[in-house]
Amino acid sequence: MQAVISMVSSWLLPSLIAVILVTGYARRLPVYHVFVAGAKGGFAWGVRLIPHLVAMMVAVQVFRASGAMDIMVHGLSPLLHWLHVPPEVAPLGLLRPISGQGSLALLIDILKEKGPDSTLGLIASTMQASTDTTLYIITVYFGSVGIRNIRYALKVGLLADFISVLASVFAVHWVTGKW
Amino acid sequence: MIDFIWLLLFLAGLLTAACTGRMDAVARAVLGGAELGVELSIGLVSVITLWLGLMHVATQAGLVDGLSKLLRPVGRWLFPSVPPDHPAMGAILANMTANILGIGNAATPLGMKAMQELQTLNPDKETASDAMCTLLAVNTASITLIPTTVIAIRMQLGSHDPTAVVGTTLIATALGTAGAIVLDRAFRAWSKRRRA
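Read top to bottom, the protein sequences are chains S and E. Each residue of the first sequence is one higher than the one before, starting from 1 at the first, in full-length UniProt numbering. Each residue of the second sequence is one higher than the one before, starting from 1 at the first, in full-length UniProt numbering.
If we strip away everything but chain S, and leave its shape as in the complex, we get:
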């Protein structure tokens, strides 16, 4: 099973690309031109991200260089140990539902410190990928249609994020064969 999952990991992206391009070609699309037309927006997307990432990277780097991150991780570690969550990824789990750019900055920080292919790096990557900025989604989605009473939506969203955090730890340990 573990072998199957790591095979899925490496095959999924290339085969998805093949399916997309072959289907496009079979439907008589000028695939190259359609690709280029869509990809045009990529650079602007990266440039739009610069102010967000600069602001958050500076704050996260200050937080870590000062030693405040270590104090927080240390304080949380008994509870996290009980949940089998590595303390180093806890700040990421806490920030993820609140700020997408903030948690992205934290993820980068963890990957640089621990290495992207370490167990911690894999857990942090999976956590970032498998949860969403719940607070932002709730604000934007409900705000756009003028809903004032959101009932239980915030509770469900945050609890689901918590499940995803635990599931990320489980998934990485399981796939790497540590459990």
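Simulated from the structure, these hints should not be mistaken for laboratory data. It is possible that some hints are incorrect.
[Claimed, not checked] Only pairs whose alpha carbons sit at most 30 angstroms apart, straight line, appear in this in silico DSBU-like list of lysine-lysine: (1) E:Lys192 x E:Lys113; (2) E:Lys69 x E:Lys113; (3) E:Lys69 x S:Lys40; (4) S:Lys155 x E:Lys125.
[Unchecked claim] If you want the ones that stay clear, here's a sample from chain E, every Cβ over 10 angstroms from chain S, calculated: (5) Trp77; (6) Leu78; (7) Pro123; (8) Arg193.
None of these values were measured; they are calculated from a predicted model. Quick reminder that beta carbons are idealized off the backbone N, C-alpha and C, glycines included.
With chain S held as given, fit chain E onto it using these hints.
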């Protein structure tokens, strides 16, 4: 909220540095952080450009619509209060498809469109309907096939296997989505019982 978090990270860092005497490291971290922010934003351009191009081909070839059609039975099961032919269902399915394919930029506007359509079915315009809460639940913990941004970051930071997280993300998001659906149903049943 974001203002508060940003300020908190700064102030907590400054205060700790004042106590531990690491102010010089903090000063360096300010400039280093800014540099890293620019470097990574530019680095992300590669994978994002690739993905935007591929998704444009997929959309034009009708693959995105095709996946939406495949999801139709799931949509009916998740949103029993939405008539299957209502425009709201189409928008919901498009939003779910975008989330699965890792095109977050497209998922948000599609989700907002779905909310607007759901609002036309909502008897009380100021209170969230059951279907709206379900849409939020599946959006916050969406099943993800290709975590585009994370793969880009891993590539940028020199990972030997940037796509190694595709499988783990699939497992984690499947569990997260299952959890979100169960919680949504449980809270809905509970709120109905309290009102009755």
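So, going through the hints one by one against the coordinates:
no.: 1; hint: E:Lys192 x E:Lys113; result: 27 angstroms, holds
no.: 2; hint: E:Lys69 x E:Lys113; result: 18 angstroms, holds
no.: 3; hint: E:Lys69 x S:Lys40; result: 28 angstroms, holds
no.: 4; hint: S:Lys155 x E:Lys125; result: 21 angstroms, holds
no.: 5; hint: Trp77; result: 17 angstroms, holds
no.: 6; hint: Leu78; result: 13 angstroms, holds
no.: 7; hint: Pro123; result: 13 angstroms, holds
no.: 8; hint: Arg193; result: 13 angstroms, holds
The earlier numbered hints are all upheld by this structure, with none contradicted.
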